[in-house]
Amino acid sequence: MAGADDIVRGLLVLLIVGIAVVLGWVLFVRTPGNLAQLLGVLLVVALAVAAARIGSNIAGSLLPAHNVAEVAVEGPITRDGGGGITSPPVGASADDIVEQIERADADRGSEALMLKLNTPGGEIVPSEDIRIAAEEFDGPTIAYATDVCASGGYDIAAGCDELWAREGSIVGSIGVVGSRVNAKELADRLGLSYEQFTAGEYKDAGVPLKEMSEDEREYLQGIVDDYYDQFIDTVAEGREMDAETLRDTEARIFLGDAAEERGLVDRLGTRDDVEASLEQRLGADVTVKEYEPERGLTGKLRGGAQQVAFAFGAGIARVADGDIDGLSFRR
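Quick note on full-length UniProt numbering: the sequence shown kicks off at 1 and runs consecutively.
Honestly, the hints are just simulated from the structure, not real lab data. Glycine included, every Cβ here is placed at the ideal spot set by N, Cα and C. Take these hints with a grain of salt, some might be off.
Claimed, not checked - Okay, derived cross-link-like pairs now, DMTMM-like style, lysine to aspartate or glutamate, Cα gap no bigger than 25 Å in a straight line:
no., residue 1, residue 2
1, Lys289, Asp273
2, Lys116, Asp105
3, Lys203, Asp215
4, Lys116, Glu261
5, Lys116, Glu99
6, Lys184, Glu216
7, Lys116, Glu292
8, Lys210, Asp225
9, Lys203, Asp188
10, Lys184, Glu201
11, Lys289, Glu279
12, Lys289, Glu135
13, Lys184, Asp161
14, Lys210, Glu74
15, Lys116, Glu279
16, Lys289, Asp147
17, Lys289, Asp138
18, Lys289, Asp105
19, Lys184, Glu167
20, Lys289, Glu111
21, Lys116, Glu74
22, Lys116, Glu240
23, Lys203, Glu218
24, Lys203, Glu214
What the hints assert, rightly or not - Ranges of calculated distance between the beta carbons of each label pair, as one might list FRET restraints:
no., residue 1, residue 2, range
25, Pro293, Ala258, 33 to 43 Å
26, Gly283, Ala106, 19 to 29 Å
27, Thr198, Asp105, 38 to 48 Å
28, Gln196, Glu250, 32 to 42 Å
29, Asp229, Arg262, 14 to 24 Å
30, Asp215, Val177, 30 to 40 Å
31, Glu102, Glu240, 18 to 28 Å
32, Glu292, Ser328, 23 to 33 Å
33, Gly178, Glu240, 20 to 30 Å
34, Asp215, Arg281, 45 to 55 Å
When you get a sec, could you build the whole thing from the sequences and use the hints?
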């Protein structure tokens with residue numbers, strides 16, 4: 001069946017290219033004069049190349065050459081992946097990954113989704129966005145850990161039907177970190193003093209230029225605890241595990257074989273083993289299409305503008321509303 005589809009796909013591309021060549025010949029070569037003929041040949045070639053690309057896309061859409069989509073989550077998870085106009089992302093962009101999963105879901109050829117996880121985790125809500133996109137994929141979803149599947153990465157895995165890992169993979173870290181820099185002593189040495197005008201008792205809780213009171217510490221710890229409870233509930237539901245079993249891990253990391261013993265991983269194996277398992281699920285040979293971000297120059301410019309706007313806004317916020325970068329929460 002796959003061989004017949006390949007033949008039909010190739011014939012369809014050739015047909016579209018042939019039509020484009022004939023049309024280009026009539027419009028640009030046969031009708032104009034000598035100079036126009038030379039230009040017309042170039043236009044015919046260009047049109048044929050463009051038609052081949054369009055024809056390939058059409059043929060791929062009508063007769064997909066794949067039946068499994070693969071999306072990678074690699075590096076620290078943030079909203080936009082970091083980077084800028086002239087530099088590539090330094091981590092996993094949640095927005096890009098969600099967009100890739102949604103494209104795969106809309107692709108009639110993608111009967112299953114493989115989610116490659118190599119991430120230590122990162123920002124909480126972006127991690128949850130990726131998990132939700134995986135949950136909403138219409139078909140089997142298999143997550144497989146390569147080097148690291150920790151914290152926010154494990155959150156994502158909880159949205160998949162199965163989690164595979166290697167024996168040497170690092171898995172777990174089911175916990176939450178809240179952090180702040182304490183620069184009070186440094187400010188004192190530099191002769192800097194902190195003065196803030198706020199409305200609301202805890203509005204400047206966590207600002208690094210002042211000592212934290214016990215009430216503020218209890219308040220911020222409560223936020224961390226709430227995030228942790230949400231994390232435990234999400235994993236318990238997604239992986240059908242007992243919440244107390246997850247709490248007993250105490251946010252530790254485990255190698256793949258130990259994680260499997262604790263039920264944190266379903267099976268151990270390589271990527272080839274994952275494909276073999278999917279072949280049994282789908283009842284057909286597996287052909288994988290790796291999805292990549294579609295963000296081009298426009299997206300990079302938009303991302304760069306967002307970074308500038310955020311930096312500018314953050315600068316204002318530090319003056320008028322406290323240091324918004326003083327606290328960070330992550331999985």
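Looking back at the numbered hints, which does the structure fail to meet, lowest number first?
-> 13, 14, 19 and 30
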